[in-house]
Amino acid sequence: MDFGRAQAKSLVNIAGVKSLPARAVEEARLYVSASLLRILQTCATNRVNNAPPPTVKLDRLSRRFGTRWALRAVTLEVQPGEIVGVIGHNGSGKSTLLRVISTALRPSVGDGWIYGHHLVREAVTVRRHIGFLAHAPGLYEDLTATENLIFAARMFGIAEDGIEGVLERVGLAHARAERVRGFSAGMQRRLALARLILGAPRVLLLDEPYNNFDPQGIELVNDVIQDVANAGGSALVVLHDQRQGERVLDRVIELNRGALVVNPADVQPLTFATPSGLPA
Amino acid sequence: MAFAHDMRRVRAIVWKDLASERRSKAGFNAVAFLGVLILLLFGFALGPDTEALRDAAAGALWLAILFAGVLAFNRSYQLELDGAALEPLLLYPAPRWTIFAGKFVANLLFVLLLELIIVPVAIVLFQVKSGAGWLPAIGVNLLGSVGFVALGTFYASMASRSRAREVLLPLLLFPMLVPVLLAATEASSSLLAGNPMRDAGAWAQLLAVFDVIFLVASFLAFDHVIEV
Chain E
0 MDFGRAQAKS
10 LVNIAGVKSL
20 PARAVEEARL
30 YVSASLLRIL
40 QTCATNRVNN
50 APPPTVKLDR
60 LSRRFGTRWA
70 LRAVTLEVQP
80 GEIVGVIGHN
90 GSGKSTLLRV
100 ISTALRPSVG
110 DGWIYGHHLV
120 REAVTVRRHI
130 GFLAHAPGLY
140 EDLTATENLI
150 FAARMFGIAE
160 DGIEGVLERV
170 GLAHARAERV
180 RGFSAGMQRR
190 LALARLILGA
200 PRVLLLDEPY
210 NNFDPQGIEL
220 VNDVIQDVAN
230 AGGSALVVLH
240 DQRQGERVLD
250 RVIELNRGAL
260 VVNPADVQPL
270 TFATPSGLPA
Chain Z
0 MAFAHDMRRV
10 RAIVWKDLAS
20 ERRSKAGFNA
30 VAFLGVLILL
40 LFGFALGPDT
50 EALRDAAAGA
60 LWLAILFAGV
70 LAFNRSYQLE
80 LDGAALEPLL
90 LYPAPRWTIF
100 AGKFVANLLF
110 VLLLELIIVP
120 VAIVLFQVKS
130 GAGWLPAIGV
140 NLLGSVGFVA
150 LGTFYASMAS
160 RSRAREVLLP
170 LLLFPMLVPV
180 LLAATEASSS
190 LLAGNPMRDA
200 GAWAQLLAVF
210 DVIFLVASFL
220 AFDHVIEV
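Protein chains in written order, with numbering that gives the first Met the number 0: chain E, 0 to 279; chain Z, 0 to 227.
According to the in silico footprint, chain Z covers these stretches of chain E (three or more CB under 8 Å from chain Z):
1) 99–111
2) 117–129
3) 135–145
4) 150–160
Now the stretches of chain Z that chain E is said to cover, found in silico as 3 or more residues with beta-carbon under 8 Å:
5) 5–11
6) 14–28
7) 73–84
8) 89–101
These are calculated hints, taken from the structure and not from any lab test. C-beta atoms are modelled at their ideal positions from N, C-alpha and C, and glycine is treated no differently.
The shape of chain Z in the complex, shown without the other chains (with noise of 0.2 Å):
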């Protein structure tokens, strides 16, 4: 029952995080836009060479859902904190680790959400031909994706009471991300050249468990890092 409870509260943070989000429209469009942007910053920068391009393809496209997908954590406090409603979030009689899920789902959704526009773009502006077909990328796309925003979710929360939360986040987030910046882009350039190394697995496999990893630490000490 007390279960049945909780995961009440964490679809109501999802319903509250992403009601707010839709209806103030401005922050998934610039988003977006910048997601957009550091795409066509790296095409610019590599210039013409088509197989340049489809060798960066992997790393740019993870690099650009990186950088927009901050500016989407940062927003996802900033919501509580434009109308100091962090504190009576905290305050309501719901184990802490609801705040965090439901957060991380409303964070992994808009990710998602960015990757449906940010990846056809990649596609066409890369040149890219996925040689070992689009289902594993989509999957290897998922895991990452999920380890991102795990840890996206739990440094946003730390940064959140900091007056320099906007340079704070990237600073606290960019190292912890290595691992999985390292085997989502090693993943994802093994699947588009069509997987002739057969190492496109064991790169997933590690990403599957950096996200186990990840999750369970961040639920673990999410109420350490959000109390006051």
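Next comes chain E alone, as it looks inside the complex (with noise of 0.2 Å):
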């Protein structure tokens, strides 16, 4: 019972408060008891289950745009080298979503954690674990192939020896020196994924991946997500129809104006353990 009677009291002395009323001892007992509780249940539970943290934690997150809630109260965990898909008819919130674990937009409400990164409190830490490919490539027109990657590396703060190697693996080698702006449709976003891939992230935001690509590039962009996610990362792939990312997902999440829709199959059953000795 006198569990955090002594710490309160510490707490009070540290505080360097002479006398303090009986119920604000109290009160301080009780938060800190409780505080520890917490503690040792996440401890326990973390030992128990000997699970990784999960790569990507969202807790109620949620995003409006002006009056509009584009995403509402977003709970979710995504677990290291799994890949997820995001379903959801148009402006059900799929985009906004990524968007907003990609740091780009800020939560209005709720929070999330990349590898244990606060979403807005450790943004720049966040941005170095995740790629983000979204609808448009995001090139500079005027600068070359090569140039786009070179720019990219020495933002991302790395070497710039990597740059021929990824331009080979996203088939852009013989265009290296040609500038964006000639570029198809599908070679932009194959070089938008070459700088992707120059980055080393080790989540995936992907936002209607396979928009523009041949089947080669569909495939190209099923590897990255698979090596990915066979190095410890993961993945969220936004789609429109789950059957063209089939081969990689582990498992599909859908979204409905702007708020997940849960499966009432996928629903646990509430159990309650019986403690041993004790009747059921």
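Got two chains here, each in a separate frame; can you build the complex from them with the hints?
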């Protein structure tokens, strides 16, 4: 019963308070007890599960544009090695979800973590871990393919010697010295993918990644996703049609008007453990 | 080490902006042509009176730099918006001040290059003779350009998210530029007139103070204005 009383008194002493009402000491005691209990529970859960922490963790993540909620209280955990498809109708919040996780947008309400780093408070660290492939390739049209990647390498803070290899991998070695302005949509998409690979991300956020790709390009995208997952990373892949990514997806979540659609079949019934030695 | 990486990022943005600008060419040519055109229009409006031309030279020059510079600032973010490259730029694992610093240096070089073209035109057109020598005049130009570019780069980033950015930027920028414009014009006028009241130094000091304030404020606030 006295658990936490000593800690509460220590805190009071540290704060330099000579005397405190008994009620305040009791409240402090309860607070310290609850905090310690939470820490112990977390440690115990991690030890029992022996599971690595999730790569992506979202807690009631929400985003509002003006008066419209584009994302409503999305709670999600993605485990290392997991590839998650995100489906939903137009305007269901799929792209907004990726943009909030990528730190391009701040959440209006709720929190999110990438490898334990908070999306808002540790945004620069989060950006080191993520690779975001958006709808638009986001390239500089007056620069060549190589120059675009040189710029990316300098911004990532990495060496430029991997550029040739990445261009080879995405099949653009022949166009390395050409300006992006003359590239087809598919070539621009491949170059955007090359930039993503160059950053060596651990969490991929891909917004309709198969668009504008030929069958070889689709295989290339799948290989990139699989490589990241095999290395212990994970991926969130926004799709209109989940059949596109069925070769790589581990599970699919659905968004409807900004909220996660919960499949009743996936809901586990609540169970209460019976203490040993007592009748069930 | 982290600072060295950040400086590498700043240099990368400067290189990327200037390389894109150099290849597109149309941007700089249009801006320089506008600057010269403004000077010519001032010349026509003031008439053939040599004294009136000389008196108005500093003001006309700074207004030409200001109007032409606004186009340059808009273009600086247009490069990012054309290929939807602003979002990837913001998602690199770099502190946001590096983006502001890169854009600032690139814009400053652009404006200084612009001045290399329109200042000689102004000297010829307005029959300017620098009574206090050209070196102090160049110094004042540099100080004025730094304050102007700091504010211009900052407000261009703010306006870049708006669909009416071409209109919005001058509306936001010009009122804030009044102190810089006033100090730069007064310092330049005084120098061109031979600094008879010895007040060019005071105006230049005021200009330097504005530069520091605008630069520090822009660096600190950039992270918030560029956020979506």
